[in-house]
Amino acid sequence: MTRFSWAALARGALRGHRAWTPQWRSPDRPQPDYDAVIVGGGGHGLATAYYLAKEYRLGRIAVLEKGWIGGGNTGRNTTIIRSNYLFPESAALYDHAVQLWEGLSAELNYNVMFSPRGVLMLAHSHHDVQSGLRHVHANRLAGVDNEWLTPAEAKAFCPPLDIATPRWPVFGAALQRRGGVARHDAVAWGYARAASALGVDIIEGCEVTGITRDAAGVTGLETSKGPVRARRIGVVAAGSTSLVMAMAGLRMPLESFPLQALVSEPVKPVFPCVVMSNTVHAYISQSDKGELVIGAGTDQYPSYSQAGGVQILGHTLEAICELFPIFRRMRMLRAWGGIVDVTPDRSPIIGLTPVPGLFVNCGWGTGGFKATPGSGHVFAATIARGEPHPIAAPFSLDRFTTGQLIDEAAAAAVAH
Amino acid sequence: MRLPEGGRIDRSQPLRFTFDGRAYRGFAGDTLASALLANGITLFGRSFKYHRPRGLLAAGAEEPNALVELDRGPGRREPNIPATLVPLEEGLVARSQNRWPSLRADLASVAGLAAPLLPAGFYYKTFIGPGREAWHRRWEPLIRRMAGLGRAPAAPDPDHYANRFAHCEVLVVGAGPAGIAAALAAAEAGGRVILCEAGTEPGGQLLATPEAMVEGQPASDWLAARVAAIRAHPRIRLLTRTTTFHYGLQNYLCLAEALDRPDGLRERLWQVRTARVVLATGAYERPIPFAGNDRPGVMLAEAARAYAGRWAVLPGRRAVLLAAHDSGYAAAFALADRGVGLAAILDLRATPPPDLAAQAPARGIRLLAGHGVAGTRGGTRLTGVLAAPLRADGVPDATRAEAIPCDLLLMAGGWTPDIQLFSQSRGRARWDAALDAFLPGESVQDLACAGACNGSLDLAEALAEGAAAGRGEAWAPPPRRSTALPARAIAAGALGARKAFVDFQNDVTTADIALAVREGFRSIEHVKRYTTTGMATDQGKAGGLMGLAVAAAAQGVDLPELGLTTFRPPTMPVNFGTLAGRHRGPLFEPLRTAPLHGWAGARGAEFEPVGPWLRARAFPRTGESAEAAVARECRAVREAAGLLDASTLGKIEVVGPDAAEFLERCYVNALHRLQPGRCRYALLLREDGFLYDDGVIARLAPDRFHVTTTTGGAARVLHLLEDYRQTEWPDLQVWLTSTTEHWAVLAVQGPASRAVLAPLVEGIDLAALPHMGVAEGRVAGIPARLFRLSFTGELGYEVNVTAGQAEALRAALFEAGAPHGLTPYGTEAMHVLRAEKGYVIVGQDSDGTVTPDDLGLGWCIGRAKRDFIGKRGLERAGMQGPGRRQLVGLAPDGDWLPEEGAQLLPAAEARAAEGHVTSAYRSAWLGRPIALGLLAGGRGRMGERVFATRRDGTPAPLRIVPPVFHDPEGKRLHG
Ligand SMILES: Cc1cc2nc3c(=O)[nH]c(=O)nc-3n(C[C@H](O)[C@H](O)[C@H](O)COP(=O)(O)OP(=O)(O)OC[C@H]3O[C@@H](n4cnc5c(N)ncnc54)[C@H](O)[C@@H]3O)c2cc1C
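The listed protein sequences derive, respectively, from chains H and W. In this text, residue positions in the first sequence follow full-length UniProt numbering: the first is 1, and each later residue adds one. In this text, residue positions in the second sequence follow full-length UniProt numbering: the first is 1, and each later residue adds one.
No wet-lab data here; the hints were simulated from the structure. There's no promise every hint is true.
To be clear about the criterion: a stretch of chain H counts as covered by chain W if any three or more of its residues have a C-beta under 8 angstroms from a C-beta of chain W, and this derived list gives those stretches [what the hints assert, rightly or not]: (1) 98–110; (2) 114–128; (3) 164–170; (4) 242–252; (5) 288–296; (6) 327–336; (7) 385–394.
We put the beta carbon where it would ideally sit given N, CA and C, even for glycine.
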């Protein structure tokens, strides 16, 4: 792997940039057998493979991706990163990720453009204030930064914000300064490049169509590029998880919904941070390119169609224009959807399954991008050791039968 | 230069406008682009990354370069508008963007010098270390300032936007010849037709080619007759300046109509549901990649022809045509006929079609077959091209180049049908090798494509196909053969060229794409994301296909093997305001007010938003603080009587022979035994066993229930119940009706409440009405449902009358109540009163992680019940047991108030929370602060101390007490 740097770029320039080589190896087809196979080449799957190779030196590892890596929700999300979750289990998981984000560009030698520009979560009613303050108190106790701003302070932090809209004036805001955004594609590519350099096979255009098992557990997979033997399989397939797990005969407690996002045309820097308002369903930041990146809500009905209703976008833009009236004349350039997999308690599932050798990492719903490094890291440990990493342990599949739920959304009505 | 005559401009209507502060003149019918061009302006903007000088590439929606800022006064400033799409208007103020200090001398163009260091994706390889903060603090702000094109508006938009729904039999998108033919044919066949056209007038391609002959007539005559027929047709609605930007399922399409009316109505969103769709969206000409192809003066051939034909402007004096497709010849000849000197034709093909080849010498024009462009000359304006013979590999041989002076270079790279909407409709594109283009393939909705967007570039074919599509008939094109040089071959010859742009706006060159491929980005989606090709504001309309061709050439595969990138809506950028429509300010979300709202306002009430409602929080008297008012209101209820407008409570009438059975299955309570005339406090859970809502269920008759919900829960509870009724138990005979706004609820609470009501009540034995009883009768002569309920801990009643009678009832109550000290109270007093009594508020003292037992409400659950929603969920081990967080009262040591949301700790220095404070108030009645909280194993820890976190970092102690602070025996309730 050529190390990336300005010096490397300058050397490249001298040779007309003709000497660069593929950032990751792309074998056309998988080997007949592997020590571990990851199904799904999104950020989480690639991160899992990377940490398996780097920290657990697991031998031969493959990532099988039906399309192109990062083409799922990883490449479709609004990249909000934060860790000020209410419950200690969640805060531990997401803060583990934020800590990894902070050093990720250097770790991967790939600029993932993690930009801790601060995430502001608005309160629009007395009830929102109660909930926001509860988070602030809980986070501080857990050592996760989160501070409470008055409306005037929120306005100072985000000047385009209108704190006195007629319908939902701003009552206050929680601010996590370490939160921010990152470049989604770079996360997939950076992990792929680093994993590939450690010997991981990344096979694109390779759809998993079956999972084979015997009495002792999983034995391998059927794929569009032929069968593969493996005694350890990690499924990280986001919106398609139910379909993949059904191949092993497991029914997952998941529902899949379209979730949409949009960007405006690029403009000069105007929006300094990330703002989320769960009450009016608006999530917004500005990308390095200058586009306003705006997240919408999910459709109300489960579906696998990667296009949600236009009225959902309309509703989001109503909220955006209300909170930021100067954006009413901005224009929507692109809109798209992704399929998010939602668990009954809206927290992810990371861990073992009833089938030995089969592991699953899913249920990230509308908010898993922020967890990518942490999720990959604890999932790799779980696969390597055959038992849950301590941070992953509370997020077991069986919590839906034991009732040990971790329901952030119910506790706070928070998405993303 | 403006021609002395011709064009579709109105020379009797001159218009003044400014660009970058200088005044210019144009005519009605001009676009900003044509008017500037007529004034000799050729430099329009600066590119995104290298800030290279750019001129007009196109004349329509595909324009990537000439983006301007429009300024129509405060709040009416818009960035990134293609000058080609701006109809000129009197006093228009336009500015160039992305340059400093001026368009001509843009300092940031030094970025161009560093270009070798800034290839595609350079930012992924750099700014990686050493300091974590370096990227965010130092580099990112710099990159951000360099990027970003125009400026966002600075003030709120004063204009407004409308929304309209429409239905029709046929929606025709695009009013070029094919669309016009389709609309007329469809209307003749009897259907209602909407014909939508993005431009200012119908005509499409014909507007640019007045010299063409259509069905034996000059194009302008043919067009005038057709447009007159369309306008006169009773079944055709013609919408100009209207762009169809979204194609959804079941032929649902969204159109944005630009109005710019003087009354401030700026745009209208049309949501159209149609039986059939005809897409006649035309095709875009392909630019050709070669070294220096972005210099101002290099233009699409058809665009140059349009400037001359439609706007009577010559984009240059001396032109060179670079052709890969026959269509360039016609365009160049048309320009020559209008006075542009044609210096040479460079045809990338070794043997151009003989008929065309013969025409050039006949016109005295040099034809250099098998030639390309090895470079361009000039600064911010083209002064010449280097014509070079192509080597065997298709690359121009620079060593044999000849400089040809010219100020206009026409590119004719072939045509890309506009299949964006087709693709959005979920149809699959297919590669047509003969036409060297992706065409609409099989469609999954009832739609037809006609004209250039379907590959029918020939006018007669387009008309025939359009008419057939309008009638809903099939039409098979004649066999097609193209003599054009395929895009893939053009691309192969440009792979090694320096600064051969593919995506002009985003500054993506053939070398960038080749680099991406070299670095392993093989999927076209990867190439697109790595290089950003096709992601500019023109969405790759102009350069998209050439980008694919370059990627295919770099990989050595055929173009169709790569496939297409997904077309994402919208087809053209749409104003946020258009999508948001009228949902703005007070109409953003309807704000609901209670029946006594007006009266409360007149009484000086302070209001607060609660769910969708605005409620009176307190009624401070003149000079009284809100806190004092709340204390006074509480005292009035405890000592005499108070009146609360409780109308916002959700209400559902549940009726039918199976009403009892239905509620029994939904709510946790045993309701079968509930007698008519009695009420029960009831809990509704989610499937997972957690509390969803609470309320009172009153049985009015064996088959009729009056069910209340929380204020915020009204809609979602009805939805949940309807969901179960319709999907789980459709066999039950039961009907649900929301009566939230039907009933006004005036709560009269306090020891004197019975005395207040007694003289007003008819037909009900008030003394005999027990706590949790309900009866129907009259109150103050008004038909009423009278409940004896208390959310204060005092004797209390809730009078329900139809909302229109609320005022009359209020007046009567205050009249009767005056001697008893009846006092209005608001939601804050209500909160304090209920907290003193330990009554929970669902959503405040509970969240979605709380079971009935956690709140001490386990007694509500009908133990013998076989099932109810959430029963199985509740039986899980984790939902039970002493360790769960339980509702407790908390008595602060000393006179301080914990913050709602504060975490509860076993010791001041502990880090792991055991619960949190859910409610906290200063109780004037009790003379001390009180709080409620959820605490692990709380009910078993009475008398212990816990610590509540405070934002100053010093947790403070509280005593754990039972949650009922006032009248624990409940004597007053039954009084
Ligand atoms: C519009 C939108 C906005 C969002 N905004 C945010 C946000 O702001 N912040 C945040 O934290 N999160 C956000 N999310 C959620 C976030 O995107 C996801 O939680 C996260 O990216 C999931 O990553 P992943 O790697 O698990 O999934 P993915 O990236 O979807 O990867 C799963 C991969 O599995 C592959 N696959 C599926 N089936 C098979 C098969 N049979 N064989 C082989 N491969 C298969 C898919 O092709 C896919 O590439 C958003 C999501 C969407 C859709």
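Here is how each hint holds up against the structure:
With a threshold of 8 angstroms between beta carbons, the proposed coverage of the segment 98–110 of chain H by chain W holds, since 6 of its residues qualify and at least three are required. Coverage of the segment 114–128 of chain H by chain W holds. Counting CB-CB distances below 8 angstroms, 8 residues qualify, and the rule asks for three or more. By the rule of at least three residues with a Cβ nearer than 8 angstroms to a Cβ of chain W, the coverage given for the segment 164–170 of chain H holds, with 4 such residues. Restraint check on the segment 242–252 of chain H versus chain W: 0 residues with Cβ-Cβ distances below 8 angstroms, three needed, restraint violated.
Note: the segment 288–296 of chain H has 3 residues with beta-carbon separation from chain W under 8 angstroms; the three-residue rule is met and the coverage holds. With a threshold of 8 angstroms between beta carbons, the proposed coverage of the segment 327–336 of chain H by chain W holds, since 10 of its residues qualify and at least three are required. Counting residues of the segment 385–394 of chain H whose C-beta lies closer than 8 angstroms to any C-beta of chain W gives 0; at least three are required, and the coverage claim is violated.
The earlier numbered hints that this structure contradicts are 4, 7.
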